[in-house]
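Student: Using the hints, position chain B against chain A.
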Amino acid sequence: MTSTSKFDPITLEILWRRLISIVDEADASVARTAFSSLLRDAHDYTCMFTDSRGRELVQGTFCTPGQAGAMALGVKRIIRGTPLETYSPGDVIVVNDPWLLAGHLNDVCVLSPIFYKEKPVAFTACVFHHSDIGGRVSSDNREVYEEGLFIPPVKLYDAGILNESVLEIIRWNVRTPEEVTGDLRSQVAANHVCAQKIIEMLSDEGLSTLDDLADEIIARTEQSMRSAIQSIPNGSYPFEGVIEGSGKRDDIEIKLTVNVADSDILVDFTGTAPQVDWGVNVVYNFTYAYVFMAIKSAFDPELPINEGAIRPVKMAAPEGSVVNCSFPAAVAARMQVGHFMTEMVFRALSAATPDHIIAGSGGTPAQTNIFYGKRSNGKPWHTMIIRGGGLGAGKNQDGHHCAIFPANGANTPVEILESDTPLLVESRELLCDSGGAGNHRGGLGRRMQIRVPDGETAPIPPVAIAVQAGRFQYPPKGFFEGRSGAKAGFLINGNPGDPGGLTFTNPGDVITFDSAGGGGFGAPLERDIAAVEKDVKYEYVSIAQAEKTYGVVIDSKSGGADIAATNALRMKMRNL
Amino acid sequence: MDGSFRLGCDIGGTFTDFVLVDDETGEFQTHKCLTTPSDPSDAVDEGVRQLENRMPGFLAGTEEFIHGTTLVINAIIERKGAVTGLITTQGFRDVLELGREIRYDAYDIFSEYPEPLIPRFLRREINERITSDGRIIIPVDADEVGNVLEKLLAEGIQSLAVCLINSYENPIHEKKIKDIVAQAAPELSLSTSFEVLPQIREYERTCTTATNAYVKPITSRYLNNLSNRLDSLGFKGKLFIMLSSGGITSVETASRFPVRIIESGPTAAVIASQFYGKMFAIKDMFCFDMGGTTAKSCLIQNGQAGLVSTFEVGRVQRFKKGSGLPIQVPVVDLMEIGAGGGSIAKINRMGLLQVGPESAGADPGPACYGMGGENPTVTDADLVLGFLDPDYFLGGTMQLEKNAAKEALKNKIAEPLGTPTIEAAFGIHDLINETMAAAAKTHIAEKGGNPNLVTISAFGGAGPVHAYGLAKKIGAPRILVPPLAGVGSALGFFTAPVAFDLTRSHRVTLDDADFAKIEELFRALEKEGIDILQEAGGQQALAFERTIMMRFVGQGAETDLVIDNKPFIEWQKEDIRSAFDEIYETLYGRTYPEQPVEFVTFKVRVSRPGRSFQLPKLKTAEKDTARGKKGVRQAFSLKQKEFIPFDVYERALLGPDSVIKGPAIIEERESTIVIGEDGEARIDAFGFVWIDISS
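Residue numbers (the working numbering), protein chains in the order written: chain A, 909 to 1484; chain B, 242 to 936.
Note that these hints are calculated values from the structure, not bench results. For clarity, every value in this text was computed on a predicted model and none was experimentally measured. Each statement offered as a hint is correct.
Within a straight-line C-alpha distance of at most 25 Å, the following computed DSS-like cross-link-like pairs (lysine-lysine) qualify:
#1 A:Lys914 / B:Lys882
#2 B:Lys321 / B:Lys561
#3 B:Lys419 / B:Lys768
#4 B:Lys860 / B:Lys870
#5 B:Lys814 / A:Lys1287
#6 B:Lys871 / B:Lys858
#7 B:Lys273 / B:Lys860
#8 B:Lys902 / B:Lys860
#9 B:Lys758 / B:Lys814
#10 A:Lys1303 / A:Lys1395
#11 A:Lys914 / B:Lys880
#12 B:Lys561 / A:Lys1303
#13 B:Lys321 / A:Lys1442
#14 A:Lys1445 / B:Lys321
#15 B:Lys844 / B:Lys416
#16 B:Lys321 / B:Lys392
#17 A:Lys914 / B:Lys713
#18 B:Lys392 / A:Lys1442
#19 B:Lys524 / B:Lys713
#20 A:Lys1480 / A:Lys1442
#21 A:Lys1303 / A:Lys1445
#22 A:Lys1222 / A:Lys984
#23 A:Lys1445 / B:Lys392
#24 A:Lys1465 / B:Lys392
#25 A:Lys1025 / A:Lys1063
#26 B:Lys880 / B:Lys902
#27 B:Lys643 / B:Lys880
#28 B:Lys587 / A:Lys914
With the rest of the complex left out, here is chain A:
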């Protein structure tokens, strides 16, 4: 360890832990003060703070990797874009510029300088996903202008004084101003909690700056990340794949190479398709976030993240490509492409580091749905839900059923959804046989069925539904002879709907959302017979599929496997 350090290893560990508990406290305050269920129940937000130089120091434990990774880059740019002495205590900046921050207008950042002894010592920032940012809520817009309100970095509070005009502009550009305002207030409160605790810590510890501490923490984190990367054999690992176009749109070609040289990684997207004329274009920051997620989760998952963790991971993406789009590209549904980056890096590295990665996941991309309309009494309502899918299996582990991956978030309880909206949920359940078969099985996808009620309580038609999801055409792939999971589905009254645009439904309609299952890992014929027996008993796998795919013959009366018949069948299948 460095002998020139200002902090001994013990003090360092203690202070570091305290920084994490500070940001987690800010994070927890959101659940208590936020308005929309997307935040309070589904946890689609990230809190973090930086040192005085804008270097990310710590992020919330329950963060969303896309927001966290992208905002770390953006916040640094904003902070460094203005001389430090121009900030005043009580300044609150609000911004949702997708190119600066987290890639679409819904992710609104609130950023505040923290002053201690009259000097700016840190910046605290949070990005909340506002389910309503106005605009035409759909993934088929052609330019960002259609997608809602664009807020460049402006002061919401100037030295503590509310800038009413900014708030008014926001209010008049959204459908549910009470909710959006309430959530902005919740952001200001979260930063306030964070700032208070940082000041308390500086005062407790007799520190006048966080910068020295940041130097040390960042250096150690970088070192840990570098030693993790060194476990990957040097080389260039290319991957080419496509991401489905929604509805009738063309598929999008992604080409990447993961270049590993000792402790450095460069992910190069040369050859990737140009940006498209619909809403799935990804800004550089957001692409980077999920490339980083792949490296971090595969090789160094334990260590808390800060600027040090990202230093060894570099990315090159052609300007104007779908993974580094130029203004004014449409970006609202950027997760439909951006979330795939993690899986594609995994696929590039799968042969070299099979122990570290998982197969394709049904929660890639996060399956999001926005619903809005008017209640029977004419009042507007607006809500958004995120659905997971089956997680891909790993070398030693079945995939977890239903997770949002590589993003993160929670479901909205059915009882909350029903009391917030006029909708009725008819089911939310796992789908039998949807997990990709393998030595380890992919997690199951799930079905959610929603009815627009008719009769007295029916909402005034239409009820609008925007789908920002994927896996309708190409299911999550299995690895190493593992099979694919089941595809996703979107049905209106049993007929396939168009996930690419805005769908209008009426009272009495039943909407079905199936999320995809995870891919399997390894050959299904190698799966432990007892595990298949359990899968059948739990109705994760049908008797028919047990036989057809796993070669396990289940006695339908006893529910047990017929071992002799199974061995014979498996031998026959292996020889085919």
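Tutor: For chain B alone, kept in the frame of chain A given last:
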């Protein structure tokens, strides 16, 4: 003997502690014996017999037997509960398995998740439906329920949970199912969600109900068994069980709602601290109970601990939030972290010292136990630093090996870090204190307290050893070490009130609320509470406390308002509104009076005041500090960072008003009190050690 005794009994992971109090003389007897995991009532039986040997006939004169147990939590953690089935609404049998879907560790792709307590094939659906505003859109079909029940019984279920969508708003279908089950399978253990947790959010409600069902048979069996054994030993009094909420309740209620006694054990120390807080009129007290594996702590303000409505059990990743099963019942707001005497020190991947959360447990235990443990622990560091006497551990009944401790510290910490062994030992002691201090500060700050004003009450084997260092770190000016700090938590049982908390969700805006209907709702809850408390016997007057949980329309979490007991119709809407705004502003800095508010949940606490309890005074009146002095030993100064002489005292020999200046060590059988050079201790008439710390 005459009926003047009360017996408290706390079954812990390693030991079962007994405290017997004579209400006439105020004197108490203690006993400790090994816990018997296969049938915990064996240890109770054994302990009672031992006490009978000492005080023949006491049991016949015992009026109350108050009991805390880890049985329920262990049954969940070890998955030893009943084969349990679930009946739920069509389309929702996977609520338990889907959970809330969040990945609790965003960057770990191999995270494990807890298996649901009820497997998928035992979760069955029926075609019924009630809306979020309580309207029936598909009525329940009795024949269908009968068929589903039959199938579940054929699968061999021993217990049944019923949880239907939106039953928190209208429980009529769950009630119908309850009637059908009572007819068709009267012996089957049943838990319905409208009784266990009538609150919105189907996953949390189903999980809590399923957990209740899962442990219900084992709990009733155990409590019945215990009751019978006590009967046959000649006990004629009343048996009470400690609730996680800090109240005590009857065996009948504990058997119906075992999910409410999950934290029965750790709660006792908090309740004891509440009692001391009231006894000495201490405004802010920080209860600090440090055992072998974990440290439990809780801020007690004006003699009252906070209550929260949710916690997690059975975490797959022990200290990771989100990796366990959420249980929503009232529980004392204590914080448990992986910091105990057995916490293992190691060098982590970044080359930094890390202590805990893993513990060496009882086997092999710390290196100094000489039972083969090679990893250095907090106890090893404490021994090497001179805080513990190797010849006087557990009163000398267990010899500690200092060389083994040094060896482990040297090999695993000092050499890899390139520091002297002593520095490594100091680092471990200091880091664990810092870990606890960081947790304590967060906890105290969250509850609106100030660490610079708290009195720390130290319990547990390691609590009094670390309290001084902890106090220094958080800036606490005073430490209180109660008599019998080792078994002292069992004293908490005597001071707990007979109490029960009930809640009901009913979401309505303040503007639209029908106050007469809300009064009815409160009355119904109070009636239910009266019925439950009457099972617990006694005719004294009951006290009721009403709480309304409110929020801004659109928010997801509520702010609690404790309100006067007057009939709800007597409230003015504007008074409720301004009370809400006032509390909200205090909590979150500002309020928004133009924003509409709503009621979400209503709570009632029904209680019968606890019996008074008098601690005995020290028998000796001598103020002779010198008499207790055993000698001097070199121990480590946290301030000077070197060894200095500490005076060593025997606690049992210290009379009232003895004053001891730090640096000093006061030893007793179950624990050791460390006082640094900035501390000064005084013994009071009851034998409490008060340590004042100058900064």
